[in-house]
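There are 2 protein chains.
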Amino acid sequence: MDLKNLENLAKLVRYYILISTTEAGTGHPTSSLSATDLMVTLMFGSFFKADLNNPENINNDRLIFSKGHASPLLYSLYAAAGKVSEEELKTLRKFGSRLEGHPTMEFPYTEAATGSLGQGLSIGVGMALNAKLEKLDHQTFVLMGDSEVAEGSVWEALALATHYKLDNLVGIIDVNRLGQRGETLLGHDTKTYQDRVEAFGWKSWVIDGHDIPKIWETMKKIQEDRSGMPKMIIAKTLKGKGVSFLENMDGWHGKAVPADKLEEAIKEIGEFDKVVGKVVLPSVIARPRSGAAISAKSGSRIMSGMTKYKIGDIVATRKAYGNILAQLVKANPNVVVLDAEVSNSTMSETVKKEVPEKFFEMYIAEQNMVGAALGFSRRGKIPFVSTFAAFFSRAFDQIRMSQYSNSNIKFVGSHAGVSIGEDGASQMALEDIAMFRTLHEGVVLYPSDAVSTERLSLLAAEHLGNVYLRTTRAETPVIYNSDEEFKIGGFKKHVSSIKGQVSRVVVIGAGITLHESLKAQQQLMEEEVSIDVIDLYSIKPIDHEGLTKTVKDSQAIITVEDHYEEGGIGEAVRTALSGINIPIHSLAVRKMPKSGKPAELLGYEEIDSQAIINLVKRISKVKRSS
Amino acid sequence: MDLKNLENLAKLVRYYILISTTEAGTGHPTSSLSATDLMVTLMFGSFFKADLNNPENINNDRLIFSKGHASPLLYSLYAAAGKVSEEELKTLRKFGSRLEGHPTMEFPYTEAATGSLGQGLSIGVGMALNAKLEKLDHQTFVLMGDSEVAEGSVWEALALATHYKLDNLVGIIDVNRLGQRGETLLGHDTKTYQDRVEAFGWKSWVIDGHDIPKIWETMKKIQEDRSGMPKMIIAKTLKGKGVSFLENMDGWHGKAVPADKLEEAIKEIGEFDKVVGKVVLPSVIARPRSGAAISAKSGSRIMSGMTKYKIGDIVATRKAYGNILAQLVKANPNVVVLDAEVSNSTMSETVKKEVPEKFFEMYIAEQNMVGAALGFSRRGKIPFVSTFAAFFSRAFDQIRMSQYSNSNIKFVGSHAGVSIGEDGASQMALEDIAMFRTLHEGVVLYPSDAVSTERLSLLAAEHLGNVYLRTTRAETPVIYNSDEEFKIGGFKKHVSSIKGQVSRVVVIGAGITLHESLKAQQQLMEEEVSIDVIDLYSIKPIDHEGLTKTVKDSQAIITVEDHYEEGGIGEAVRTALSGINIPIHSLAVRKMPKSGKPAELLGYEEIDSQAIINLVKRISKVKRSS
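Sequences listed follow chains G and P, in order. Residues in the first sequence are numbered from 90 upward in steps of one, following my numbering. Residues in the second sequence are numbered from 90 upward in steps of one, following my numbering.
Worth flagging that the hints you see were computed from the coordinates, not collected in a lab. Watch out, some of these pointers could steer you wrong.
Each pair may be met inside one copy or between any two copies, as identical chains are not told apart.
Calculated cross-link-like contacts (lysine-lysine; reagent style DSS-like; alpha-carbon spacing at most 30 Å) [as the list claims (entries may be wrong)]: (1) K442 / K408; (2) K254 / K576; (3) K608 / K183; (4) K179 / K680; (5) K344 / K442; (6) K292 / K280; (7) K344 / K638; (8) K172 / K680; (9) K172 / K309; (10) K344 / K686; (11) K576 / K680; (12) K254 / K280; (13) K680 / K183; (14) K221 / K442; (15) K680 / K442; (16) K706 / K641; (17) K408 / K350; (18) K588 / K686; (19) K172 / K183; (20) K442 / K582; (21) K680 / K399; (22) K638 / K710; (23) K224 / K419; (24) K363 / K641; (25) K581 / K641; (26) K179 / K254; (27) K576 / K638; (28) K254 / K292; (29) K221 / K706; (30) K344 / K441.
The shape of chain G in the complex, shown without the other chains (with noise of 0.2 Å):
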């Protein structure tokens, strides 16, 4: 190996960082010059096996940028592989480049968009466990920074690739001592992360991160180890390497050197060519798979799999959901299937039993699953991943920023809303929707039985992007013909059939309070008084000019929710129906849950077919005085 053409390069990298920070005005160049010396060394010294040409090739090494905010370090390593000109990384952070102040997917070499600390390992974790499920022998690298290693979520990611035994997937920390606003919690105290992340059961090397043939030489050593341990490289830093009036500083965070010192600090990084850098092919070049092709196909292959549920069966939705996805896993090579120890509530463990190499056990690790699952994602793989619906807003920033990777994750949580009954509180999502409901063009469907269950649960497999699936733990008959069609965007009327008689109210109600609804309204019917009753099992999108014109002749509409209201299903109403004039009722969750029987609480939370019908009669009263 040519070291000196790594010094070049590094040199080359570290210019590239200055000018296109300093044009920005704005941007982390100190914290791309501390990680120089080891991307390059990576990238340059034979180690990093991609077709730059093609960077969904399968058979790439993975190179995640967990330290999203050395950005400038991951365009000045593509710009030394002739990828991006030194023109355009001057157009860094500007708006419309594809330089963005994180790395995004506008940059076809980012693995995924980082940024929130703490991320990129679990994402690495599950492109290695794609890599091992596939049998490809790429790599998967991770960059990540000092601070956050103090993230729980890095923690999450260590254990849970020992336990898979990942020896696919290198870990690089860049201990360059200084945060944001000063020291971090270890500062250079690299005997200290050696000792954590080899109990936890990974390789690792302590080196100096600017030494290059140690780095070289490490770096080998990695290539050549056959422990069948993940491995990690503590390297010791300075922030600002290569620059002294940046170097191990204070206060240089976050800030671009201006320009008036810029010509300092080039001089300062010393002599060098403007030479490309090579990047080794990997051995098997071949073009990627498109998931979402296979997935497109996948409904109608699997539709003699479902199971034939009668109406008035009874089925909890969650096991509706576990047969389908058993039937959905044989029939889609791209679904896997990850779960947070509870497969035998989201019954996700029909899987495990019938093709376990396409479970992946997460315990009880919410982050780390979410970002394993986005590298799955990222992938080409469409992940289902569940666990109690409550337990995912444990994983909300993972969920929030796997929408700026363009991520295809199906998320489905069991146990929503007060129904659960008697776990009580901790147990029970009443913010769930609201939560999915923020995803950029996410999805969220809730199916009240299993035939809307097994349809919806397919629908979210060929829909490409986030799909967010609410189960139901109770058990509620079956309501629909096992023919019955739906859609991403749709809903179902259900009307009274008082002859001659027009409905003035609609309830519209979904999962557990469409079954209350419905109750209502075949109540109702006893004392003459008509509802429809409408399934809103599609909650975003929903189909707005359809709902609008279904309801525009009523006079009232009543929402009912098992979440509270804010963010729920009622406000999601209240939008798609803008823009008609009819008032809008909301029962929704608004004491304080506590546990009891699931009747009781419906109850008790006046979400109940009782709650439905006094509302309903309040509500005509109103009418008939005025």
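Starting from the known structure of chain G, fit chain P onto it as the hints suggest.
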């Protein structure tokens, strides 16, 4: 010590666990039985010091059941201490009982509501930090399950406890090997638990968790330990211990012994006497202080400390927050400040500089930060917790759970919305309002200038309950006089001053979009078009009667927010104004956000003054033509 007595009490507690769960027909007896010997020895072996007649005594030792599903054990311990009757035990999990499925504040000995795993140690960190701060010599004990140790939050707490040398914190891991659906990540590998815990700087003991003399001896060592380190007992136990057909058996998680097997189970425990156990009193018995009472007076006391901003001054609200926070900490001894290594961005660094003993650097570990804040809150403190608003999503589960502990936490999120500019989507909070709005009885405040920031910060401190305050990165002009009054649930109206013209459109903004609204108002005035602008600084609660009254004569309402539409200001307004029939138009972040200058991004997302002007004109045109 009479260890025979402990053996007897352990049998009595096992009896209580069995009868209460069988009566409930639901619950987690096996997870309770595994920790029984540990907890009985702690509580009745003269280690736990508490005045049980006064659970809020500040000198009481604290015992947090992080494995909240072992609530039958918690209740049974207090039954064995004579504080819960056998009759009440049989109300377990029933509607209206103090003995809920997972511990809640209904039960006076619950330190914090638990049930979402992996949170208890962080709460313990907060309580232990508080004891250090107040120079109290009580200890804080945390009982954890083994499954939950996979949660990253546990490792965040371990690292921070070491950093702050919390030798008053004792963790106990009940390694019963079995999770909900089979073996845990580490099974009975207590050695690996120990290696990891010790690498994180804790002193630890691996013991047989059913050997009462050994447990007693270990706890004695812990009491006598002067290492200055936090301490962990890693106890190898058997799930279901004491009943042979439950012991170490799979398939018994979360299941009560059937009624027809209860007698057999009780017989297996062996003979015991129903005697009451004795808990040692703390050496100093004190009445609890009321944090709320002190808080209520603080506002007026620090009015003199308030900054004198003049209208037109350019001050970022995050800076105004930092200024008032230091005054608040000086005026109110109950206020503590926690930050996730970004205090120079959130501006809480003022406290670090001026009152360092009240500032707690929590590093980049938001889950543990929020958990610790709950610990402080439960001990009467008013924690102000700050980070980038986007990164509170990392702790959503902790935030969610805190509401069930009657928490009094002030969350302050800076860097909200696309207006942060170049850093890009990962750093932009666009779902924080939706998230915090879901909190039961939570308050969401969003000041627009320095004056309102100071006032709202004081109101937040005085309010008993969770408050979220959203601050802005960008500098904005002061628009309120320094004696302007604000209130939780209030809003401000800025009317157009075109003589004789009544505004037909009301624009509702907050924070950065209020300034855009006011800009639009100014510009439209030049075109002889008047609009009213409302500063909705209190997003939750909204004074819906006052707001309804204010807007009721307008012909259209426009909401404009630097946040995704779902769960945001627009939907909050729709819900608040559900009583009137005026069209509401929402301007919100709808396109995939990216890097750019703040003004470019506000324009791109169509939430700037120009977008408001365009919409006002479009609405007016429609009106005129209709």
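### Message
Checking each numbered hint in turn, tell me which of them this model violates, lowest number first.
### Response
Hints 2, 7, 15, 18, 20, 21, 24, 26 and 29 are the ones this structure does not satisfy, whereas the remaining hints hold.
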